[in-house]
Amino acid sequence: MSVRIIGCGNIDRGDDGAGLLVARRLRELGTGTQEQSGEALSLIESWAGAETVIVVDAVVSGKAPGEITVWDARAHRVSSGFWPGSTHHFGLAEAVELARVLDRLPPRLWIYGIEGRRFEQGSCPSPEVMRAIGEVAERIRRSVHIRELSFPEHRAR
Amino acid sequence: MSGGGKTIRVDYLARVEGEGGIYIKLKGDQVQDVQLKIFEPPRLFEAFLRGRHCSEVPDITARICGICPIAYQMSAVHAIERALGIEIDPAVRLLRRLFYCGEWIESHALHIFMLHAPDFLGYPDAIQMARDHRGTVEQGLRLKKTGNRIVTLMGGREIHPISAAVGGFHKVPSKTGLRSLVEDLKWALDASLSTARLVAGFEFPDFEQDYEFVALSHPDEYPFNEGRLVSNRGLDIDAAQYEEHFTEQHVKYSNALHSYLRGRGSYLVGPLARFNLNFSRLPEIAQQAARDCGLALPCRNPFRSIVVRAVEMVFACHEALRAIAEYEPPAAPRVEIPGRAGVGSAATEAPRGLLYHRYEIDERGIILLAKIVPPTSQNQKRIEDDLRHFVPGLMTRPAEEITLRCEQAVRNYDPCISCATHFLRLKIDRE
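Taken in sequence, the protein lines are chains A and B. Residues 1 to 157 (my numbering) are what the first sequence spells out, left to right. Residues 1001 to 1431 (my numbering) are what the second sequence spells out, left to right.
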C-alpha cells in the first residue's frame, strides 16, 4: 500500500507551520514525507498515484489551540472556512473539492488539522501547537507502521 | 444595497493573494472616493535584512511570496551583483531566464485558469467551473505542473527554492536534467496557444484607459532580468535612477505604500505593460498568437490582460525550450562574492510586473539598507483609478453585478497583496 504524507503551511507564520513541522518530525523518525505550501494545484499533483494520503495542516475552526481534528476527505466535503488565509484562497479545501470534481482524489485521503492561534509573520509556533505537532507525528508514524490506516479512533465529521 | 445611503459589501474578495478591501463612495452617479485597503501588517523584510550577509538575501527575500519567490531572488541577486561589480557567466544568465520561465508559467496558469477565467465564464470559483469545463481546468493543472517542474529542478525543491545565489547558483542542472523537461514543454507550448485562443473568445467589458505603461525593455529580448525601465510616455532610465523618478506615499487606509511616477501619478506594471512596450521582442510564435487573438497595439483594456498572460505563457514555453537547447553548463556554478562595499539597484519582471530592489552593502558584505518595491504596491493606485473610471458605467446594473465586476477589475491585476505588505473586502457607499 502506498502511503504519502504531506505537510502544508508556511514556516514563517507561527502556527501555520504546524503541518511542515509534523512532516519534519516524521522524517526524523524515519518516515518519508513531502512539504507543500498548501497551494491547491500543487497539492493535487503531490498526491497523484498514491493510494493513501495523509495531509497535515493548521486550521482555524474556533476550537482550543492545539486541538487535533481528523477528516476523512473522501467521505465528507471539506470547508474552506478552516483555512482562512490560504494562498490566493485556493488552498487545501479547494484542492480537495476540485480533485473531487476531477476524479483526482486518492482512494483514501485523511486530513489532520491542528488548531492554531498565532499566525503573525515571523512568529514562533504556540506551545499548544508544538505539543500537538509531536502527538500528530507519533499518531501518523504508529498508523503507518502498523498499517492501521482506517483511523477508527477519529471517525471524521 | 439599501435605499438612501446605499452600500454594497463583500466580506472579502476571493481569488487574490492577501488580505485587504475596497471602499467605493458614490454620490449619485459620481464616484467620490475609491480606496484599496490593505490590512496585512507591514512585513518589515526591508528592516530585518539589515545586518544580514548579502549571500543570505536571496533565501530571505524568497520568503516574501509563495507565488513568485524566484522574482524576489532574481531582483535581489542582480541588485547585489551590481553593487559588488560581479559579472555572471552567460550560461548562468540563460539559466536564470529558464528559472523565470518556470515561475511565469506557474503563476500565469494559476491566474488564468483558477482565479480569472471563472469571472468570464460566469462561475463563482474554479471548482464550479470544473463541473462544466473539466478539460479546460485539467489543461490549467497540467500547465502549472510544467512550470512547477522547471522551478523544482532549478530551485532544488518545490517550495522556497534554494539554488539561486549571488554570482550564480549553488548548483547548476545537467544538460540531461534539463532535457527531461522538453516533452512537457512542447506540450505546454501547444496548450498555451490553445489557451490564448480560448480566452480570446471571452466577452470583455468595453473599457479602456490611457495608461502610462512601465516595464523593462531590452534591445534583443522580451524582458526578465535585464533592461532599462521605459514607459510609453518617454521614461527611459537605468534601475539606478528608479528612486529619482518614482516615489512612494503612505495612505492611512493601507499598510502598503502607494507608488507614483513623480509629477505624473499612477502607472501600470505587469503583462499589459510588458506586452505594449516589448511586442517586437516577442518570438514570432507569440506575436502571431497575439494577432490571432485580436490583440492590437496598444492594448488599453485591462480585462484583456488574461489574453496577454496566455500570450506570455506561449513566450515562456518557447523561451524555456530555447534556453534548454542552447544550454552548456558554466565552468563554475557561481562567481565568488568579492570583499567590497557598494550600492546596487535592479529591477526584474515578476509575473505581476516590475519588482525593484536596492541594497547598500559594506566591505564585509553586510546589508546596511534594503529597499523593495513589489509590483502590486506599484499597481495599487492604478487599480483605484481603474475602479474610479469603471464604476460609473455600471450604475444601471444590479448591485450584485456591480460588485462582481469590481472584483473582476481588481483581479485583472492578479494582485499579490502579501507581497505588498494579504484579501479584499468591497464596500460601496451611495449618498
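Don't take each hint at face value.
[Stated by the list, open to error] Covered stretches of chain B (chain A as the covering partner; in silico rule of three or more C-beta atoms under 8 Å from a C-beta of chain A):
no.	segment
1	1120-1132
2	1135-1144
[Unchecked claim] Restraint ranges, calculated between C-beta atoms of paired labels, are given here:
no.	chain 1	residue 1	chain 2	residue 2	range
3	B	G1339	A	M130	52 to 62 Å
4	B	I1285	A	L102	24 to 34 Å
5	A	A48	B	D1236	43 to 53 Å
6	A	E138	B	G1393	29 to 39 Å
7	A	R77	B	R1364	28 to 38 Å
[Said to hold, decoys possible] Capping the alpha-carbon separation at 20 Å, the derived lysine to any residue pairs in SDA-like fashion look like this:
no.	chain 1	residue 1	chain 2	residue 2
8	B	K1145	A	S79
9	B	K1145	A	E35
10	B	K1145	A	S37
11	B	K1145	A	G49
12	B	K1371	B	A1165
13	B	K1145	A	R104
14	B	K1145	A	A48
15	B	K1145	A	R24
16	B	K1145	A	L105
17	B	K1037	B	R1300
18	B	K1145	A	Q34
19	B	K1145	A	Q121
20	B	K1037	A	E35
21	B	K1145	A	L102
22	B	K1145	A	D103
23	B	K1145	A	R100
24	B	K1145	A	E45
25	B	K1025	B	R1388
26	B	K1371	B	G1201
27	B	K1371	A	A50
28	B	K1371	B	K1175
These are calculated hints, taken from the structure and not from any lab test. Owing to the predicted nature of the structure, the values given are computational and were not obtained by experimental measurement. Every residue gets a Cβ at the ideal spot worked out from N, C-alpha and C, and that includes glycine.
Now the hints, each set against the structure:
1. Check on the segment 1120-1132 of chain B: 5 of its residues sit with their Cβ under 8 Å from a Cβ of chain A, so the three-residue criterion for coverage holds.
2. Here's how the segment 1135-1144 of chain B fares: 5 of its residues keep a CB closer than 8 Å to some CB of chain A, so the rule of at least three is met and the hint holds.
3. For the hinted restraint 52 to 62 Å between G1339 of chain B and M130 of chain A, the CB-CB distance of approximately 41 Å leaves it violated.
4. A hinted range of 24 to 34 Å holds for the C-beta pair I1285 of chain B and L102 of chain A, which are about 30 Å apart.
5. Checked against the hint of 43 to 53 Å, the pair A48 of chain A and D1236 of chain B passes, with Cβ atoms roughly 48 Å apart.
6. The beta-carbon spacing between E138 of chain A and G1393 of chain B, approximately 60 Å, falls outside the hinted interval of 29 to 39 Å.
7. Distance hint for R77 of chain A and R1364 of chain B: a CB-CB separation of about 56 Å, inconsistent with the stated range 28 to 38 Å.
8. Between the alpha carbons of K1145 of chain B and S79 of chain A the distance comes to roughly 25 Å, so the proposed pair goes past 20 Å and is violated.
9. Under the criterion of a C-alpha separation no larger than 20 Å, the hint pairing K1145 of chain B with E35 of chain A is consistent with the structure, at around 16 Å.
10. For the given pair, K1145 of chain B sits about 15 Å from S37 of chain A by alpha-carbon distance, which is consistent with the 20 Å threshold.
11. A threshold of 20 Å between alpha carbons decides the hint, and for K1145 of chain B with G49 of chain A the separation of about 15 Å falls inside it, so the pair holds.
12. Under the criterion of a C-alpha separation no larger than 20 Å, the hint pairing K1371 of chain B with A1165 of chain B is consistent with the structure, at around 19 Å.
13. For the given pair, K1145 of chain B sits about 15 Å from R104 of chain A by alpha-carbon distance, which is consistent with the 20 Å threshold.
14. Between K1145 of chain B and A48 of chain A the CA atoms are separated by roughly 12 Å; this keeps the pair inside 20 Å, and the hint holds.
15. Taking the CA atoms of K1145 of chain B and R24 of chain A, the gap is about 24 Å. The hint is violated against a cut of 20 Å.
16. Among the hinted pairs, K1145 of chain B with L105 of chain A is consistent with the structure: their alpha-carbon atoms are about 17 Å apart, no more than 20 Å.
17. This hinted pair does not check out: K1037 of chain B and R1300 of chain B have alpha carbons roughly 25 Å apart, beyond 20 Å.
18. For the suggested pair K1145 of chain B and Q34 of chain A, the alpha carbons sit about 16 Å apart, so the restraint of at most 20 Å is met.
19. Restraint check for K1145 of chain B and Q121 of chain A: not satisfied, since their Cα atoms lie roughly 28 Å apart, outside the 20 Å limit.
20. Annotation: proposed proximity of K1037 of chain B to E35 of chain A is violated, straight-line Cα distance about 32 Å (limit 20 Å).
21. For the hint pairing K1145 of chain B with L102 of chain A, the CA-to-CA distance comes to about 16 Å; that is within 20 Å, so the pair holds.
22. The suggested pairing of K1145 of chain B with D103 of chain A holds, with an alpha-carbon distance near 17 Å, which does not exceed 20 Å.
23. Restraint check: the Cα-Cα separation between K1145 of chain B and R100 of chain A comes to about 18 Å, which is no more than 20 Å; the hinted pair holds.
24. In summary, the hint linking K1145 of chain B to E45 of chain A is supported, as the alpha carbons are separated by about 7 Å, within the 20 Å threshold.
25. Between K1025 of chain B and R1388 of chain B the alpha-carbon distance is near 10 Å, which keeps this suggested pair within the 20 Å criterion.
26. Simply put, K1371 of chain B and G1201 of chain B have alpha-carbon atoms about 41 Å apart, too far for the 20 Å limit, and the pair is violated.
27. Simply put, K1371 of chain B and A50 of chain A have alpha-carbon atoms about 44 Å apart, too far for the 20 Å limit, and the pair is violated.
28. Restraint check: the Cα-Cα separation between K1371 of chain B and K1175 of chain B comes to about 36 Å, which exceeds 20 Å; the hinted pair is violated.
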